[in-house]
Amino acid sequence: MTTDHKYRLVIDNITKRYDNQAVVEDLTFAVEPGRITGFLGPNGSGKSTTMKVLLDLAAADSGTANIGGCRYRDLSDPAGTVGVVLEPNAFHPGRSGRNHLRILAQATNQPLGRVDETLAAVGLRPEAAHRRVGTYSLGMKQRLSLAGALLTDPPVLVLDEPANGLDPQGIRELRELLRVRASRGHTVLVSSHLLTEVEHLVDDVVVIDGGRLVTAGTIAELTASSARVRTPSPQVLSQHLTTAGARIETAGPDTLLVTGLDLDQIGDTALAAGIALHELSAQAGSLEDVFFALTTPTDNAQKGFPS
Amino acid sequence: MTSVNLVRSELRKLTTTRMPLTFGAVLIVLAVTNGIAVAIGTDMDGSKTFISTGADQQSLTAFAANSLMIAGLFGAIAAAREYANNTIIATYLNTPVRGRALRAQFTAICGGGAVLGLAGAALTIIAVALALPTTEHGFMMSAGDVARIIVASGWAGAAGAVLGAGIGTVVRNTGGAVTGVVLILMIAPPLVVQLASGTAPWIPNTLANVTSGVAADTGAAAAVIAIGLWALVPALAALWSVRHRDVT
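Chains A and B are the protein sequences, given in the same order.
The first sequence begins at 1 in the numbering used here and counts up by one.
The second sequence begins at 1001 in the numbering used here and counts up by one.
Simulated from the structure, these hints should not be mistaken for lab results.
In this text the structure is predicted, and so the values were computed from the model without any measurement.
Keep in mind that the hints are not guaranteed to be accurate.
[Said to hold, decoys possible] What follows is a list of derived Cβ distance ranges for each label pair:
id: 1; chain 1: B; residue 1: R1018; chain 2: A; residue 2: V10; range: 41 to 51 Å
id: 2; chain 1: B; residue 1: A1084; chain 2: A; residue 2: R184; range: 34 to 44 Å
id: 3; chain 1: A; residue 1: V10; chain 2: B; residue 2: T1002; range: 45 to 55 Å
[Stated by the list, open to error] Some chain A residues near chain B, calculated using beta-carbon distances under 10 Å:
id: 4; residue: V84
id: 5; residue: L86
id: 6; residue: A90
id: 7; residue: I103
id: 8; residue: Q239
Glycine residues also receive a C-beta, built at the ideal position from the N, C-alpha and C atoms.
In isolation and in its complexed conformation, chain A is listed as follows:
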């Protein structure tokens, strides 16, 4: 299997509607080979739909999604090019894990011996592989999903929440696996809601919310992209900064955390409005801080989960 850098993923102005409701709207970003890209957003933000459009499982209303310049269906060997984890429970519960992989191996012209190699690679023991999938834990199912994605040793991985249900050991193994793949020039797109895990795993981040791109860049750029502003007029300054395109989070009675504008823009906006600043400094936040500053809370988060 080739491992050169031709498999760049490009999402170009994708819009996808269900029942006249835009689930993904005018979304554009690229995923570079040789890097691990995190695809983040709240529940229902359009991550899975975007992946399905990329993989030709759903048709976009407008825009294109390409893998190395081709639509998924136009790839000469789609399953040999892209390994996918999409649904957490895409198995027949009455079929053994090994038979699940044998079916995939047969459909993709892989030797059946490759099944055992892949099962070993994801840490599923032979006795577990012989059991029916309906008896598996969530973590075991996730390992089986990963085995399916790795079966053809593809140069592109598209993984939707691959760490879901994995134990700490499994998460560490997943991290190492993806890191090795990226170091070989493979393209890796990973969606996840485990932000602290993503922070340790990915090189680049794409954040979407409400189906629209919020930000994209390296993780270093993103976590350094907020500013701490102290002012005697926080409310007035908030209005001016919001008008200028910033997102504001209140960090104290006179303190704002500002994202979406750089320090110069914030200073110029305050000066133009005649507002004094007592502090203006770059803020290195965690990915979690940045994520919540950039995205709208989901209904559950707004209401609070029942204790």
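With chain A held as given, fit chain B onto it using these hints.
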């Protein structure tokens, strides 16, 4: 990937769950029930005229109508569970040209239905043959009659499975697909005949009996073709469906 490998992969799907055993068990139960009926059953007047001639025995063992229904349920469950379990995602990722994936899937299901039909007829004939010595009647069907019943049942099984798979693919829900098969093969035809009596020769049960040689409402060749058309319509609907709908 080759089409042969795709079909093999689909056959492996069908044979790696308990579904074949379940349907096999149904066939055995039906065959044993027929054997018991021959051994201890009688007509209303207490006689055994229902097995007294070759034609009676042919009528008793004609399995094609049963094949249509059983294989229809088999096809419906096999196709619909792909959506219920989300395994259709892997199918379309491996073969994004969906018409090709559907052909492979339906070929395997059609083969499974044919096997069910052949086995069902053979088991029924064997059970009746084994039970006849307990009566005063011998086995009176000719080899040609036996062959016709088995072949007709195999054809009905193949067509029924495709019909069921078509419904399962369109409905994408196991319960709905099973209901659809029962509706189309069992409940709707008598109602349609009530509305238009001229359709009576073309309902699935009649056609199956014609192909088995126990009815003469139409010609045998026409019945064979008509059974194929009953399967073709839902198969074409399924093809349109997979080409135009997202996998959600």
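Hints and how they fare:
no.: 1; hint: B/R1018 x A/V10: 41 to 51 Å; verdict: 44 Å, holds
no.: 2; hint: B/A1084 x A/R184: 34 to 44 Å; verdict: 37 Å, holds
no.: 3; hint: A/V10 x B/T1002: 45 to 55 Å; verdict: 31 Å, violated
no.: 4; hint: V84; verdict: 6 Å, holds
no.: 5; hint: L86; verdict: 6 Å, holds
no.: 6; hint: A90; verdict: 4 Å, holds
no.: 7; hint: I103; verdict: 5 Å, holds
no.: 8; hint: Q239; verdict: 41 Å, violated
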